[in-house]
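Since chain S is already given, all that's left is putting chain H on it; use the hints.
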Amino acid sequence: MNQLYSMAYISKNKIPGTREDVKNQIASILESAQRNNPSLNVTGALLYSGGFFCQVIEGPEDNLEELFETIQMDDRHGDVTVLHFHEISERGFSDWSMAFAGIEETMRFDIEGIKKSKDDLALLETGKNLVAVLEELVTQQQSIDSQ
Amino acid sequence: MMDIKLEEAAQLTTDALTGFFTRDSALRFFAELESNVGLTSLSVLAVEISRFGNVNSSLGSELGDKIINTTAKRFKKIFPHAKGIARMHGDQFCLMFAGNTDIEEEVVRILDFAQRPLALRGEVIVLSVRVGVADIRCGAESASQLIHSAEVALHRSKSDRAKVSYFDAAMIEDARAQHQIENDLRVSLLTNASELHRAITNREFHLIYQPIIDTSDNSVHAFEALLRWHHPTRGLISPAVFIPIAEQISVMDVLGDWVMRKACTDAVTWSANANGTYPSVSINVSPTQFIEGNRLVKTVAKAIEESGITPERLKIEITETSNIERSLKNYLDQIKAMGCKISLDDFGTGYSSLARLTELPIDYVKVDQSFSKDLCSQDLKRAVKAERLVRAILAVGDSLDITSIVEGVETKAQLELIQAMGSKLIQGWVFSKPMPVEQINDYIEAISQESVI
Chain S
1 MNQLYSMAYI
11 SKNKIPGTRE
21 DVKNQIASIL
31 ESAQRNNPSL
41 NVTGALLYSG
51 GFFCQVIEGP
61 EDNLEELFET
71 IQMDDRHGDV
81 TVLHFHEISE
91 RGFSDWSMAF
101 AGIEETMRFD
111 IEGIKKSKDD
121 LALLETGKNL
131 VAVLEELVTQ
141 QQSIDSQ
Chain H
148 MMDIKLEEAA
158 QLTTDALTGF
168 FTRDSALRFF
178 AELESNVGLT
188 SLSVLAVEIS
198 RFGNVNSSLG
208 SELGDKIINT
218 TAKRFKKIFP
228 HAKGIARMHG
238 DQFCLMFAGN
248 TDIEEEVVRI
258 LDFAQRPLAL
268 RGEVIVLSVR
278 VGVADIRCGA
288 ESASQLIHSA
298 EVALHRSKSD
308 RAKVSYFDAA
318 MIEDARAQHQ
328 IENDLRVSLL
338 TNASELHRAI
348 TNREFHLIYQ
358 PIIDTSDNSV
368 HAFEALLRWH
378 HPTRGLISPA
388 VFIPIAEQIS
398 VMDVLGDWVM
408 RKACTDAVTW
418 SANANGTYPS
428 VSINVSPTQF
438 IEGNRLVKTV
448 AKAIEESGIT
458 PERLKIEITE
468 TSNIERSLKN
478 YLDQIKAMGC
488 KISLDDFGTG
498 YSSLARLTEL
508 PIDYVKVDQS
518 FSKDLCSQDL
528 KRAVKAERLV
538 RAILAVGDSL
548 DITSIVEGVE
558 TKAQLELIQA
568 MGSKLIQGWV
578 FSKPMPVEQI
588 NDYIEAISQE
598 SVI
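Residue numbers (our numbering), protein chains in the order written: chain S, 1 to 147; chain H, 148 to 600.
The hints are all genuine.
List of simulated lysine-lysine pairs, DSS-like, C-alpha gap at most 27 Å:
{"hint": "1", "chain 1": "H", "residue 1": "K223", "chain 2": "H", "residue 2": "K305"}
{"hint": "2", "chain 1": "S", "residue 1": "K115", "chain 2": "H", "residue 2": "K476"}
{"hint": "3", "chain 1": "S", "residue 1": "K115", "chain 2": "H", "residue 2": "K213"}
{"hint": "4", "chain 1": "H", "residue 1": "K223", "chain 2": "S", "residue 2": "K12"}
{"hint": "5", "chain 1": "S", "residue 1": "K12", "chain 2": "S", "residue 2": "K115"}
No lab work stands behind these hints: they were computed from the structure.
So here's chain S without its partners, still in its complex pose (with noise of 0.2 Å):
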């Protein structure tokens, strides 16, 4: 029952402000992740794109669940979309409890205009393109720290 879960969404930022606020709020919302996610054996991903945060989470279902719904009711953001919901067998964010990808200006999904069009697999598709710009975005930042 407990099978490994791969989740990504992107969700609206409710409280914008100056980069120096929304910095201050990732930092919260990371904190709080890299805090709560590995007692749950959660693992992702999360990057800030132009007023968007877009997100993937990654564990056993039943934690997933819980997980989501804690992120769902939180004022801070609103108006969620979720990409895909998918069994996965093998993490791509193993190492990170919550993996920090960066602050964008501008956003880099069409997420308006797929949710206007309802279309199902370009959800899935916006969903794997934000998985793979996700990890490679890490990996930059984790080539920088390093150096």
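What follows is chain H alone, placed relative to chain S:
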């Protein structure tokens, strides 16, 4: 989380799945609250998950329970200040507030949080909720009336297809009239699935058929299947009454399945026209059946397989609606791919744009009877206007290469005029009222022997 200062509250029964009050307890609790804090400070939200029956039947009741449970937990989280929360029945909740509550703000919160996606058992589910609101402004004289008012408002939000409805007194009268009919329906359709099956086996539902005539050779082009309900105590109930209710209470899918299978099984017993062709069967599909479009596609496939009908003889009639899902085209394409034909009903009365028409795989449009009924009217002005409109609509069909069918044709004069306009497929009392399936073969034979009008 609830501020239960009331001694009795501890003894009130709760719902096993959610831990919320049951309906009875909610009424007692709220009456007690009224005597403690006074009626004027109370307000109520009645909340219902739309089309939960569909969710339950497509995902299973175990997941259905989990959805109710998770949603209940959200309510607890977002309404820590609610005095009481009740699960009134299946998919309906009631939130009770006292004191200084900004009820509009609560409505906004519930619409926001209850409609955020749920991720459960590998499924992502986005619920849609409706809310009925009642507070001191609605003039209720007791706490239980207040709850009832919120429920009436909730019910109204369904027929208005609105998300939120605030109670007003005029709703009571309307609600009473509809209430009895609806209760019967709920009882016979909703309490358990076998009730519906029983209504079907008892032949409370039946189909009658109205022919569409090809006037070029007096053959029957198709028979349109029309659903009727002969209620054991109330007699014949108009589909205009029971279909919207069936849609609201999410049983249209089940009923629609039955219609599809029954009509196909009937159609294979029909004899050929004199020209060797077999009449098609035209089946109306409710827009709500496209919400679970995959199910509809499966039903069509199953009906074809079970009955052995040639798919080309099966026509799906859809109606114009403004808010049909984007995926409609996809489902229609799948149905077309099986060989079936698509017909657009009530053409000209709804919302379809011409651009939309060309996007959808439509074979036929039916010119609505509201246009044909004024043709050849004694009132010359009306007659001329109707004629112009019908001509224009036929021209639109022609230019898009879609065959027109004119329905609601009652007189010989109308029939001749429409033929002169170049339309040969005609439906209406001028040929026949709807008939029971037993009369169809005689009718096919009889019409071929009439001279072409």
